[in-house]
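Quick note, the sequences are listed as chains W and D, same order. All residue numbers in the first sequence are consecutive under numbering that gives the first Met the number 0, ending with 120. All residue numbers in the second sequence are consecutive under numbering that gives the first Met the number 0, ending with 465.
All clues stand as given, with none of them false.
Which stretches of chain W does chain D cover? Using the computed rule of at least three CB atoms under 8 Å from a CB of chain D, they are: (1) 5-13; (2) 88-100.
Per label pair, the in silico range of CB-to-CB distance: (3) D:S165 - W:D66: 45 to 53 Å; (4) W:Q83 - D:V247: 44 to 52 Å; (5) W:R116 - D:G398: 38 to 46 Å.
Simulated from the structure, these hints should not be mistaken for lab results. Note that beta-carbon positions come from the ideal geometry of N, C-alpha and C, so glycine has one too.
Given next are the chains, with one letter for each unit.
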Amino acid sequence: MNRQVLIVEDESLLVMVLEDILPELGYDVCASAGSVSSALHVLQSQDPDLAILDINLGGHRSFPVADVLRERGIPFLFASGYTQSILPERHAEAVLVAKPYGRSELEDALARLPPRRPRHS
Amino acid sequence: MRLHLDSPANSQIDAPADAKLRLYEAILQTVPDLVYVFDLQHRFIYANQALLDMWGLDWEQARGRTCLELGYEPWHAAMHDEEIDRVIATRGPVRNDVPFHHSALGWRIYDYIFLPVLGPDGLVEAVAGTTRDVTDRKRQEEALRRSEQRLGAMVDASSDLIYRLSPDWRLLEVVGGRAVTDLPRGALMEWSHERIHPEDRDRVLDAMARARESLTPYQSQHRVALRSGEWTWVESRAVPVHDDVGGVAEWFGAATDITQRMLHEEHLRLLVDELNHRVKNTLAVVQSMVAQTLRTCPDRDQAVTLVESRLNALAGTHDVLTREKWAGALVEEIVRLATGHCPVDDPRFEVEGPMVHLDPRRAIALSMALHELCTNATKYGALSTPEGRVRMHWSVQDGADTPRFVLEWAESGGPPVRAPSRRGFGSRLLQRGLQHDLGGTVSLDFPPDGVRCRIDAPLPALQDPQ
Numbered sequence: 000m001n002r003q004v005l006i007v008e009d010e011s012l013l014v015m016v017l018e019d020i021l022p023e024l025g026y027d028v029c030a031s032a033g034s035v036s037s038a039l040h041v042l043q044s045q046d047p048d049l050a051i052l053d054i055n056l057g058g059h060r061s062f063p064v065a066d067v068l069r070e071r072g073i074p075f076l077f078a079s080g081y082t083q084s085i086l087p088e089r090h091a092e093a094v095l096v097a098k099p100y101g102r103s104e105l106e107d108a109l110a111r112l113p114p115r116r117p118r119h120s
Numbered sequence: 000m001r002l003h004l005d006s007p008a009n010s011q012i013d014a015p016a017d018a019k020l021r022l023y024e025a026i027l028q029t030v031p032d033l034v035y036v037f038d039l040q041h042r043f044i045y046a047n048q049a050l051l052d053m054w055g056l057d058w059e060q061a062r063g064r065t066c067l068e069l070g071y072e073p074w075h076a077a078m079h080d081e082e083i084d085r086v087i088a089t090r091g092p093v094r095n096d097v098p099f100h101h102s103a104l105g106w107r108i109y110d111y112i113f114l115p116v117l118g119p120d121g122l123v124e125a126v127a128g129t130t131r132d133v134t135d136r137k138r139q140e141e142a143l144r145r146s147e148q149r150l151g152a153m154v155d156a157s158s159d160l161i162y163r164l165s166p167d168w169r170l171l172e173v174v175g176g177r178a179v180t181d182l183p184r185g186a187l188m189e190w191s192h193e194r195i196h197p198e199d200r201d202r203v204l205d206a207m208a209r210a211r212e213s214l215t216p217y218q219s220q221h222r223v224a225l226r227s228g229e230w231t232w233v234e235s236r237a238v239p240v241h242d243d244v245g246g247v248a249e250w251f252g253a254a255t256d257i258t259q260r261m262l263h264e265e266h267l268r269l270l271v272d273e274l275n276h277r278v279k280n281t282l283a284v285v286q287s288m289v290a291q292t293l294r295t296c297p298d299r300d301q302a303v304t305l306v307e308s309r310l311n312a313l314a315g316t317h318d319v320l321t322r323e324k325w326a327g328a329l330v331e332e333i334v335r336l337a338t339g340h341c342p343v344d345d346p347r348f349e350v351e352g353p354m355v356h357l358d359p360r361r362a363i364a365l366s367m368a369l370h371e372l373c374t375n376a377t378k379y380g381a382l383s384t385p386e387g388r389v390r391m392h393w394s395v396q397d398g399a400d401t402p403r404f405v406l407e408w409a410e411s412g413g414p415p416v417r418a419p420s421r422r423g424f425g426s427r428l429l430q431r432g433l434q435h436d437l438g439g440t441v442s443l444d445f446p447p448d449g450v451r452c453r454i455d456a457p458l459p460a461l462q463d464p465q
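Okay, chain W solo, but in the shape it has when bound:
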């Protein structure tokens, strides 16, 4: 079964492109969210294998979502027009793919993600 991806991105065109590319790379998009609150809401009911996070969601930073993902052991990468320097210290080591990115940049970034921590219970 393909790995399930959560997309947190406020730009629908980019969501659509990811929805096109990810299946070709062997991933399924299980959900997409355009804001911090809706992403947190999705995570209450879904358990994706990994996540792709935009950093600026309508003027708000997506770091609270990254905090929850790390807590749950779900690997994630940031996709953003910002550079690594905008990442807070606790996420400084996170994988960041620079916008605009193509299929191969995304593929490379996904390959650099650590495996998902085994689920509890």
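Since the structure of chain W is already known, use the hints to place chain D on it.
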């Protein structure tokens, strides 16, 4: 008149009375101060040589004359008359200063004291006076005062804060500057702990230690509490003032308020960051739009035309948003923009709706969606024939929790509609993309009499992405 020179209380000379008189006379004639005595009628009954020199008279010319009779200006004579009367009445001294023309030295300033001379009955029997030429002192004082005024003006004009520091930097004294109105004057102890922002303190103390150790100018930018509860950014610079034996007597420093500059720089930095973010994001949007157009459109020429028209729609929306300083856009403007490039006359559009404000991202999403609807209508739908009509109505309606934004697009009068065999970019953008961006529902239907699209989204979500 009688001068009681032998009265024990007034005499420090141990000699017979007539000898004392000669002694006093000798002293009085040689002192540079003016010494004189008035009788109760304000007439001079004694004047020493210094006073005679000032007048340019000998004693015989001056004896028994009043000031007025000696040619003093009437106002000047009247002032002394009043002062002499006051001494007689109060039996107390009077002190004053006045300019007067010296016969040899020209205009001088004189400081004088009139004293009562008391008789054995305790009544005033004469008024004695001494006058000192204070012209040089007054001029020096005046020069010093002007110099200090100039220095103060220079300090206030050029700096916000001028300070002195003890050699060990424990004591700071604020000397002047524009920003000191709320600072206590005088020495401040513990100033580095009380006045420097906690986050800047270590850095500032380091810079101070380096300067003190190497005796080189100190320089630092930091926040300081010039007023309570308010931080001011200053650029501070201090230099050592050396003493005569090679040590440091004190440090002298100036601080300039750079709060506005720092705010401006911070603002600029945020702007550049934001600009970078937007440019990259826009490039990503363009990239994905191109990728998807190519993916869904097999004909190369048609794909080029589509990419160009979609880029134009995107650029047009950016223009609207730039005009509004990226605060958002009105639905009406977005509609006008989307329909503006359709090659149609106005009567074929029926557009109606209230003022509704959208944030930039959703304005772009709606603009791109309407652009796709217009393109489709122009190529295949109602706008491909002269008889076709497009009705576009939007409204704000009551919802369960929040008001809802509802926009309906209805085509009529065009060729019979056939539902598309596969989902193109446009319909996908509408249903998938717009729904994602607006947080509501978007339905797209293809009844035979005309394409219909209905957008229904909660309004607070439209205005605030969170």
